[in-house]
Amino acid sequence: EDQVTQSPEALRLQEGESSSLNCSYTVSGLRGLFWYRQDPGKGPEFLFTLYSAGEEKEKERLKATLTKKESFLHITAPKPEDSATYLCAVSGGTSYGKLTFGQGTILTVHP
Amino acid sequence: NAGVMQNPRHLVRRRGQEARLRCSPMKGHSHVYWYRQLPEEGLKFMVYLQKENIIDESGMPKERFSAEFPKEGPSILRIQQVVRGDSAAYFCASSPMGQGASGEQYFGPGTRLTVT
Numbered sequence: 022e023d024q025v026t027q028s029p030e031a032l033r034l035q036e037g038e039s040s041s042l043n044c045s046y047t048v049s050g051l052r053g054l055f056w057y058r059q060d061p062g063k064g065p066e067f068l069f070t071l072y073s074a075g076e077e078k079e080k081e082r083l084k085a086t087l088t089k090k091e092s093f094l095h096i097t098a099p100k101p102e103d104s105a106t107y108l109c110a111v112s113g114g115t116s117y118g119k120l121t122f123g124q125g126t127i128l129t130v131h132p
Numbered sequence: 004n005a006g007v008m009q010n011p012r013h014l015v016r017r018r019g020q021e022a023r024l025r026c027s028p029m030k031g032h033s034h035v036y037w038y039r040q041l042p043e044e045g046l047k048f049m050v051y052l053q054k055e056n057i058i059d060e061s062g063m064p065k066e067r068f069s070a071e072f073p074k075e076g077p078s079i080l081r082i083q084q085v086v087r088g089d090s091a092a093y094f095c096a097s098s099p100m101g102q103g104a105s106g107e108q109y110f111g112p113g114t115r116l117t118v119t
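Residue numbers (the numbering used here), protein chains in the order written: chain H, 22 to 132; chain X, 4 to 119.
The reader is advised that the hints may include incorrect statements.
[Claimed, not checked] Selected chain X positions facing chain H (Cβ under 8 Å, derived; list incomplete): (1) N56; (2) M63; (3) F68; (4) G76; (5) D89; (6) Y109; (7) F110; (8) T117.
[Said to hold, decoys possible] If you only want the chain H side, here are some residues facing chain X, beta carbon under 7 Å, derived: (9) F55; (10) G64; (11) P65; (12) F67; (13) K80; (14) F93; (15) G118; (16) K119; (17) Q124; (18) T126.
In short, the hints are calculated from the structure, not lab data.
All residues carry an ideal CB built from backbone N, CA and C; glycine is no exception.
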């Protein structure tokens, strides 16, 4: 069974203080690893897809990387508007449509 | 380009009633997925549908829950005889690619079901 573990559960940063969120996964035959952002009371918003180890994607202050066992979401010089829950999910094995999500990391950026 | 639409956004039902949740996928998307987010828990996959077909319902509870995606109209998640444990946020997602692909899914705003 696919498993996704995210750490830390919560992260508090000062504006401009860079950091990283971790997503460890176990999946039989990874077909894609996905990062989403979720604001309170809203649906997850798609950020990145990574397909193979060594791949990197960037968008504004966010950069996602992938190894064979984990993914990192690096946040450079965060702003208060980056505060949200960040979710990691994997697709793999024979479950073609199913995404398995981690519990998420709640990020709070203080001005 | 409108995103995934879900209605109602909030639904209150008494124990024993039926709940019907609707989802219209993004334009051009023919694959629909339903997920449930219980309080203090992560998103859990329920079912994957294409038009007139259930592809994977491995996450659906065995009883009281059903889903459909008819040829015309929105996808429907139906919960019969609701119980308090059904209270949760239900999210629909859609994608242009489906079985065999690894494309991303785009989520709607969710329906928050409260069972009293």
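Hint check:
{"no.": "1", "hint": "N56", "in the structure": "11 Å, violated"}
{"no.": "2", "hint": "M63", "in the structure": "12 Å, violated"}
{"no.": "3", "hint": "F68", "in the structure": "16 Å, violated"}
{"no.": "4", "hint": "G76", "in the structure": "20 Å, violated"}
{"no.": "5", "hint": "D89", "in the structure": "19 Å, violated"}
{"no.": "6", "hint": "Y109", "in the structure": "6 Å, holds"}
{"no.": "7", "hint": "F110", "in the structure": "4 Å, holds"}
{"no.": "8", "hint": "T117", "in the structure": "14 Å, violated"}
{"no.": "9", "hint": "F55", "in the structure": "6 Å, holds"}
{"no.": "10", "hint": "G64", "in the structure": "4 Å, holds"}
{"no.": "11", "hint": "P65", "in the structure": "5 Å, holds"}
{"no.": "12", "hint": "F67", "in the structure": "5 Å, holds"}
{"no.": "13", "hint": "K80", "in the structure": "13 Å, violated"}
{"no.": "14", "hint": "F93", "in the structure": "19 Å, violated"}
{"no.": "15", "hint": "G118", "in the structure": "3 Å, holds"}
{"no.": "16", "hint": "K119", "in the structure": "4 Å, holds"}
{"no.": "17", "hint": "Q124", "in the structure": "5 Å, holds"}
{"no.": "18", "hint": "T126", "in the structure": "11 Å, violated"}
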